[in-house]
Amino acid sequence: MAETATAATGAVVEAHGRKRPYLIVFAALGFVTLLELNIGILGLAHAHQVITLIVLATGKAALVAAYYMHLRYEPRWLILIPLGGFAMVMVLVIALVGPTLT
Amino acid sequence: MSEGEGAGHVEEHHTTIWPLVVGFGAAIAYVGLVASLTLLGLGILVFVVGVGGWLRDDIRSPSTSFFGHLPAAVVRVSARKLAVWLFLATEIMFFTAIIGGSYALRVKTGNWAQPGEILNVPLTGLNTFILICSSLTMVEALAAIERGDTRRLRMFLLATFLLGVTFLSIQAYEYVKLYFTEGLTFMGAPGGVNPLYGSTFYLQTGVHGAHVTGGVLAMAYATLKAFKGRFTKENHEAVELVGLYWHFVDVAWIFLFTIVYLI
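Listed in order, the protein sequences are those of chains W and S.
Our numbering applies: residue 1 is where the first sequence begins, and numbers increase by one.
Our numbering applies: residue 1 is where the second sequence begins, and numbers increase by one.
Extracted from the complex, chain W is given alone in its bound form (with noise of 0.2 Å):
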C-alpha cells in the first residue's frame, strides 16, 4: 500500500518506499509525441526516419508499461507474461514481412 503521498498534486507519489514520477513521464511522453509529429524538421533520410520513429514509439510504450502500468515495481517475472505473447506474434509477422524486405 501507499505509504504517504509527498505531493497533492501528485506531481510524485510514494509507495512501497519508492517515487513514482507520474508527471515527469507524462512530460516525457507529450514531449516525444511533439518530436514525433515534427520529425521532419531533423532532416533525416526515409528509413532513418522510420528507425528514429519505431525508437520513439518503443520507448514511450516502455514508459508507460513501467511506470503507468507498474511492471518497475512488480516481480520481475510478470514481464515475460506480455514479452512472451509479444515474441510468439513477433515470429509470425517476420514471417510475413521478412521475405519481402530480403
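A couple of the hints might just be wrong.
What the hints assert, rightly or not - Quick list of simulated restraints, FRET-style, between CB atoms:
(1) S:Phe-129 - W:Phe-86: 40 to 46 Å
(2) S:Pro-115 - W:Ala-27: 39 to 45 Å
(3) S:Leu-168 - W:Gly-84: 26 to 32 Å
(4) S:Tyr-179 - W:Met-88: 32 to 38 Å
(5) S:Leu-162 - W:Leu-83: 53 to 59 Å
(6) W:Met-88 - S:Gly-148: 37 to 43 Å
(7) S:Phe-227 - W:Gly-84: 17 to 23 Å
What the hints assert, rightly or not - To give a feel for the contact side, a few chain S residues facing chain W, derived at Cβ under 10 Å:
(8) Asp-57
(9) Ile-92
(10) Ala-97
(11) Gly-101
(12) Tyr-103
(13) His-247
(14) Ile-263
It should be emphasised that the hints constitute simulated quantities derived from the structure, not laboratory data.
Think of the CB as a built atom: it goes at the ideal place given N, C-alpha and C, for glycine as much as any other residue.
Fit chain S to the known structure of chain W by using the hints.
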C-alpha cells in the same frame, strides 16, 4: 498497488456463476454468427443477462485482492492481476498480428499513401495527446485511492472517462470526414492509392476504437462504483485492474499512431 493485501482476505473471496453465464452466452452467440440469427439473439440475451448479474453482484462487493492460501508477501501478484496480465498478453498477440499483417500487406503490395496525404495527422496527434492525458489521470486515480483519497479518486476516474469519450468522439469525426469527404472507404482509397490502404486503416483503428469503447464502459462502471463509495484504501483492486487495461489501450495506440499515421 495491492501488495500487502490479501492474505487476510481469503475468506472474502466469493465464487460466482456469472462469468460462466457470460462465457456460455458468448459461445452461443459465436455459433449463432455462422449458424442462425435466432441462436445469435439467444447468445446475446444470455450474455447480457450474465453481464447484468455479474455487475449487480460486483457493485455490492468489496474490491479486495485475492492471493489464494499463500501469504501475499510470498505471492506478490494477486490472482486477478495475474489474470489481467495473461489477458493482456493475448491482446498483445491480437494487436501485433493485426498491425504486422497490415504492414506485410503494405510492403508486399505498395502504392501506400504518404503521411498526411489522406489522414489528418495534427488532429490525430491531438487525439494521441488526449489518450496520454487519460493515462495520467488513470494512474493518479489509483495513486489517490492508495492514499485513501476518495474525492480525488472520483475526480480522476471521471476525468479519465471524459477523456476516453473525447478520444472516441474525435475518432468518429475523423471517420466521417475520411469516409464521406475524402473518399477513404473500406474497399477504396482516393487518388489512385492502394484500396487496401482503406481496409487496413479501418481494421487497425477500428479494432483499437472498439477496445477504447470497452475501456470507456469499464471506466463508467468503475466511476459509478467510486461515486457509490465502494472503493477504500484497503479495497480498490478493481481500480488498478481497469487501469492496466486502459494503459494497454494507450500503448497499442502509441504503436498504431506511429505505424498508421507517421510512417
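Kindly confirm whether 37 to 43 Å is satisfied by the beta carbon distance between Met-88 of chain W and Gly-148 of chain S.
-> 41 Å, holds
Given hint Ile-92 of chain S near chain W, where the shortest CB pair must fall under 10 Å = 4 Å, holds
For the range 26 to 32 Å, tell me whether the beta carbons of Leu-168 of chain S and Gly-84 of chain W fit it or not.
-> About 31 Å separates the Cβ atoms of Leu-168 of chain S and Gly-84 of chain W, which means 26 to 32 Å holds.
So, Asp-57 of chain S near chain W? Judge it on the closest CB pair being under 10 Å.
-> 26 Å, violated
That 53 to 59 Å hint for Leu-162 of chain S and Leu-83 of chain W (C-beta), does it hold up?
-> Cβ of Leu-162 of chain S to Cβ of Leu-83 of chain W: about 33 Å, so the range 53 to 59 Å is violated.
Between Tyr-179 of chain S and Met-88 of chain W, does the C-beta distance stay in 32 to 38 Å?
-> 35 Å, holds
Is the hint on Tyr-103 of chain S kept, meaning its closest Cβ partner in chain W is under 10 Å away?
-> Holds. Min distance 6 Å.
Using the C-beta atoms of Pro-115 of chain S and Ala-27 of chain W, is the stated range 39 to 45 Å upheld?
-> 25 Å, violated
Could you see if the CB distance from Phe-129 of chain S to Phe-86 of chain W stays within 40 to 46 Å?
-> Since the Cβ atoms of Phe-129 of chain S and Phe-86 of chain W sit about 25 Å apart, the hinted range of 40 to 46 Å is violated.
Does the nearest C-beta of chain W fall within a distance shorter than 10 Å of the C-beta of His-247 of chain S?
-> 5 Å, holds
17 to 23 Å as the expected CB spacing between Gly-84 of chain W and Phe-227 of chain S, which holds or is violated = Since Phe-227 of chain S and Gly-84 of chain W have Cβ atoms about 38 Å apart, the given range 17 to 23 Å is violated.
Against chain W, is Ile-263 of chain S within 10 Å by beta-carbon distance?
-> This interface hint holds because 5 Å falls under the 10 Å limit.
Going down the numbered hints, you'll see the structure goes against 1, 2, 5, 7 and 8, while the others check out.
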